[in-house]
Amino acid sequence: MKRKLVLVGNGMAGVRCIEEILKLNREAFEITIFGSEPHPNYNRILLSKVLQGDTSIDEITLNSWEWYEQNGIRLFAGETVTDIDHEEQLVRTDRGRVVEYDELILATGSNPFILPVPGADLPGVTAFRDIQDCERMIEYAKTYKKAAVIGGGLLGLEAARGLLNLGMDVDVIHIFDYLMERQLDPTASKLLQRELEKQGMNFLLRKETAELFGNGRVEGVRFKDGTSIAADLVVMAVGIRPNVDLARRSGIAVNRGIIVNDYLETNVPHIYAVGECAEHRGVVYGLVAPLYEQGKVLAQVICGRKGKSYEGSVVSTQLKVSGVDVFSAGEFMDGEGTESIKLYDEARSVYKKVVVREGKIVGAVLFGDTSEGRKLLDMIQRGDSLEALSLSLLAPASSGGKESLVATMADTDVVCGCNGVTKGAICQAIAEHGLKTVAEVRDYTNASRSCGGCKGLVAELLEHMLGEEVNRYTVKETICGCTNLSREEVIAAIKEKRLMTVKEVMSVLGWKKEEGCSKCRPALNYYLGMLYPGEYDEEVESLFVNERLHANIQADGTYSVVPRMYGGVTTAEQLRKIADVAEKYNVPMIKLTGGQRIDLLGVKKEDLPRIWADLGMPSGYAYAKALRTVKTCVGKQFCRFGTQDSTGLGIRMEQTFERLKTPHKVKMAVSACPRNCAESGIKDVGVVGVEGGWEIYVGGNGGTHLRAADLLCTVKTEEEVMEMTGAFLQYYRESAHYLERTSKWVERVGLEHIREVLFDVEMRRALLERLHKALSATKDPWREIVENERLQQTLFCDLGDKEPVPVE
Amino acid sequence: MMRVKVGTIEQLPKRLGKCVHIGVLELALFRTQDDRVYAVENRCPHKGGDLSQGIVSGEYVFCPLHDWKICLRDGQAQAPDEGCVKTYRATVEDGCVYVELQETGE
Ligand SMILES: Cc1cc2nc3c(=O)[nH]c(=O)nc-3n(C[C@H](O)[C@H](O)[C@H](O)COP(=O)(O)OP(=O)(O)OC[C@H]3O[C@@H](n4cnc5c(N)ncnc54)[C@H](O)[C@@H]3O)c2cc1C
Ligand code: SF4
Ligand code: FES
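Chains A and B supply the protein sequences, listed in that same order.
With our numbering applied, the first sequence covers 323 to 1130.
With our numbering applied, the second sequence covers 80 to 185.
These are calculated hints, taken from the structure and not from any lab test.
Quantities reported herein were computed from a predicted structural model and do not represent experimental measurements.
Please note that a few of the clues may not be correct.
With a cut-off of at most 30 angstroms between alpha-carbon atoms, the simulated DSS-like pairs for lysine-lysine come out as follows [stated by the list, open to error]:
hint, chain 1, residue 1, chain 2, residue 2
1, A, Lys-1124, B, Lys-148
2, A, Lys-841, B, Lys-126
3, A, Lys-467, A, Lys-371
4, A, Lys-987, A, Lys-841
5, A, Lys-817, A, Lys-326
6, B, Lys-93, A, Lys-947
7, A, Lys-682, A, Lys-664
8, A, Lys-834, B, Lys-165
9, A, Lys-947, B, Lys-148
10, A, Lys-628, B, Lys-148
11, A, Lys-1066, B, Lys-148
12, A, Lys-834, B, Lys-148
13, B, Lys-126, A, Lys-835
14, A, Lys-947, B, Lys-126
15, B, Lys-93, A, Lys-983
16, B, Lys-93, A, Lys-835
17, B, Lys-165, A, Lys-841
18, A, Lys-834, B, Lys-93
19, A, Lys-987, B, Lys-93
20, A, Lys-835, A, Lys-825
21, B, Lys-126, A, Lys-1124
22, B, Lys-126, A, Lys-546
23, A, Lys-1124, B, Lys-93
24, A, Lys-546, A, Lys-467
25, B, Lys-126, A, Lys-926
26, A, Lys-841, B, Lys-148
27, B, Lys-126, A, Lys-913
28, B, Lys-165, A, Lys-1124
29, A, Lys-987, B, Lys-148
30, B, Lys-165, A, Lys-835
31, B, Lys-148, A, Lys-926
Construct all of the structure, not just a fragment, from the sequences and the given hints.
As structure tokens, then:
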């Protein structure tokens, strides 16, 4: 049964979190969303643009009604949740609906703050928060002329710009003596004021509102100093308050916002909060970038993959008023312990300031030329030192000649702050999908989907990429030249369309060469076998000769045979058998392998089945992409240093995991003490006995790319060694590319990630379950062939010798 | 010219090579997915790999030793590799497979 997930608040943070959850696990939840507003999820940020006439309301929808439907989400729009019963785990709404939940997310956003002055409730007074407010202003502008905006912050100025565009006269009233005091220093603020005045705004600074007056509807604003102005429309943009009423009423801990920990959990189990309504480490954020970061973390928590925690965000601001470029981030005011580097070009109205504390860049303000804002934000977030600041950053924007900024950005630099999209990710998408427009980039990567502030950069990047740059980004790694699809895409398609044979995969997925090649055929064979254990029959024609004939082909066309000897332990009887076989078939060389087994070299192909039959031993898989050997030291039983029974554990591991197919060969070793006589440090999985437990190492390799293994974990019992090793092998089976050794794979996906997966009890259990299913479907290939006359005929018999006799 | 009967079509599984010795010659025989039959010298031009054991795809075989790709029609190794194996005409009549050996004159 699916778990029930309920989201209260159909806004930007909540729905983004749902999108992240769907990405992690489409199937886990039955999702219900409540939203007070009658619309599907829309881009609140762009209301400013709607008011300014650059965009229409229809265009700011983020997720359409169809999206909810396609994802099986029940949406109750225009319905408000009034009550949470966390004992019974259910919510009630103003329409009397009752819905149960297993997990509940609160994303109720915030309410605009309305000044508690007389007249604040008069018609003609509005906030600027939602579509309704926006429509109201547009409606008003049709009949009335004079507008007053209370609040000279970001929102107030964007509203004022919109009202100007709608043809109104606009007074902006601000209580401080300079604008955007929470984002700008006085210098930048004065420049901003000058610019906006040029555009036609009128400022009333250091004015405190006393009352709004009017007969029937608002007619003006009176200030504490006794003066007053006339106004037909008053927009209050003096701040927001986290919307915590519902939470407070339901007994959830609330301060300014709903208090959450680093995993967005409230004090009530199974209830989480995300977005503007949440208070994290004492901070409430009012911008989407941090809210999206929170959403990502929460999605993992809800899907039971608690990984990275949320540590808070450095925020930056940009004003969405055309013709005015301002940017600020981090600590932007000069103060105790800070120094700053400034550039002030009054003539051109360009101002740049970078604030430094203890040699590290901690904040910045830009006015007039904000193109480097993103880069500075990255530097602040990384805590770069002053040296990293290139001089060009502080040079005045000259006309041309300046190297394109995007070219100097690193792949890891973020281009779209709202959605956290890096330059590398965008370039990759452009290269891979041949994107040509900003809109396409938005659809593939989410970059510029929110505030749109990075559109310019994206466009520049596109232009740049369509030139020579495109070649630098490896178009995704396809399986081979026969397809444009990557391994991940192929596997997803196999699962989704339930493709069952190599041929089906190739024809359904449009392989360029009908029969594929020596790269994709063995790979597909492996993937199908991994996905459908017990159900999929390997296609012999798609196997490399070693695995088809279950012996290693040698340079001269002969084969070598290595019977299984668990843990490298053998008996007199086995040795005698091997010796007899070697004599009977004139085996030219008998050699001990590096993995402590006996190799019979120089065997003729057609002798193989008979040799196996005579040996009566299981295949040692010395030829396979599978577990080869588990090398062991003598251990506690005989060695004076041994702390553990390494031989016993090695045998157990080999017996458990033998015949398991893997993307590449897998070697293991068990040593009984850190002297490491079995060389566990350079094996795919190496186990080292220590006093009271075992250390497990992974990703080692003694081959072409010598690599020391990483310590995965230390465990107490043999049982745990078996579990961890099994889960590790299965995860490797599922996520590595075919022919990728664990050493490469560990480096590619990262040890931390592997730990996250393996240490998650649920995931480990699931991995082991799939592993055992795969193991239970295996049979010893030598025996199968020995018992199957037809297989011997097709695979091992030649057509025999013919005399060259003339026929005609 | 000589024509040698090497076996029946049943003895040739699709896309799996078979080796046949004719006097001193060692040939690799292939039956493709669409039932054409090819015969080539069973020695890879690279280091003599046993072509009869390679993976067959369409009209090509991939050598099992170092993955050279050899065309079964004309014996050419595919770029970037260079080299050629001898090819022989193979025919099927009444379910029997024949190989034609060119008289290698003086
Ligand atoms: C005009 C404007 C311009 C902005 N510009 C920018 C910008 O340039 N850059 C930037 O980063 N940010 C900007 N923001 C801020 C940004 O829009 C918000 O930070 C973001 O939308 C907050 O997301 P949220 O999901 O927390 O809240 P919201 O998007 O407000 O969503 C909360 C939703 O919950 C609903 N709700 C509340 N209580 C209940 C209940 N009990 N039952 C059902 N539903 C309920 C509400 O109706 C609301 O729709 C701007 C905001 C505005 C208003
Ligand atoms: S690893 Fe330790 S226990 Fe094992 S043989 Fe070497 S010294 Fe002895
Ligand atoms: S011998 Fe055929 S590729 Fe090397």
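How the hints compare with the structure:
1. Lys-1124(A) <-> Lys-148(B): holds, 28 angstroms
2. Lys-841(A) <-> Lys-126(B): holds, 21 angstroms
3. Lys-467(A) <-> Lys-371(A): Holds, because 20 angstroms separates the two Cα atoms, which is no more than 30 angstroms.
4. Lys-987(A) <-> Lys-841(A): holds, 16 angstroms
5. Lys-817(A) <-> Lys-326(A): Answer holds: Lys-817(A) to Lys-326(A) is near 25 angstroms, not above 30 angstroms.
6. Lys-93(B) <-> Lys-947(A): holds, 25 angstroms
7. Lys-682(A) <-> Lys-664(A): holds, 15 angstroms
8. Lys-834(A) <-> Lys-165(B): holds, 28 angstroms
9. Lys-947(A) <-> Lys-148(B): holds, 22 angstroms
10. Lys-628(A) <-> Lys-148(B): Judged against 30 angstroms, a Cα distance of about 48 angstroms means the pair is violated.
11. Lys-1066(A) <-> Lys-148(B): holds, 27 angstroms
12. Lys-834(A) <-> Lys-148(B): Satisfied, since the Cα-Cα distance of roughly 17 angstroms is no more than 30 angstroms.
13. Lys-126(B) <-> Lys-835(A): Cα-Cα ~27 angstroms, so holds.
14. Lys-947(A) <-> Lys-126(B): Cα-Cα ~24 angstroms, so holds.
15. Lys-93(B) <-> Lys-983(A): holds, 25 angstroms
16. Lys-93(B) <-> Lys-835(A): holds, 18 angstroms
17. Lys-165(B) <-> Lys-841(A): Cα-Cα ~25 angstroms, so holds.
18. Lys-834(A) <-> Lys-93(B): The hint holds at about 21 angstroms.
19. Lys-987(A) <-> Lys-93(B): Status holds; Cα separation ~28 angstroms.
20. Lys-835(A) <-> Lys-825(A): holds, 11 angstroms
21. Lys-126(B) <-> Lys-1124(A): Holds, because 25 angstroms separates the two Cα atoms, which is no more than 30 angstroms.
22. Lys-126(B) <-> Lys-546(A): With a Cα-Cα distance of about 97 angstroms, the restraint between Lys-126(B) and Lys-546(A) is violated, given a limit of 30 angstroms.
23. Lys-1124(A) <-> Lys-93(B): Distance of about 22 angstroms is within 30 angstroms: holds.
24. Lys-546(A) <-> Lys-467(A): holds, 25 angstroms
25. Lys-126(B) <-> Lys-926(A): holds, 19 angstroms
26. Lys-841(A) <-> Lys-148(B): Given pair Lys-841(A), Lys-148(B) holds - Cα atoms ~12 angstroms apart, limit 30 angstroms.
27. Lys-126(B) <-> Lys-913(A): holds, 24 angstroms
28. Lys-165(B) <-> Lys-1124(A): Since the Cα atoms of Lys-165(B) and Lys-1124(A) sit roughly 18 angstroms apart, the hinted pair holds (cutoff 30 angstroms).
29. Lys-987(A) <-> Lys-148(B): holds, 24 angstroms
30. Lys-165(B) <-> Lys-835(A): holds, 25 angstroms
31. Lys-148(B) <-> Lys-926(A): holds, 25 angstroms
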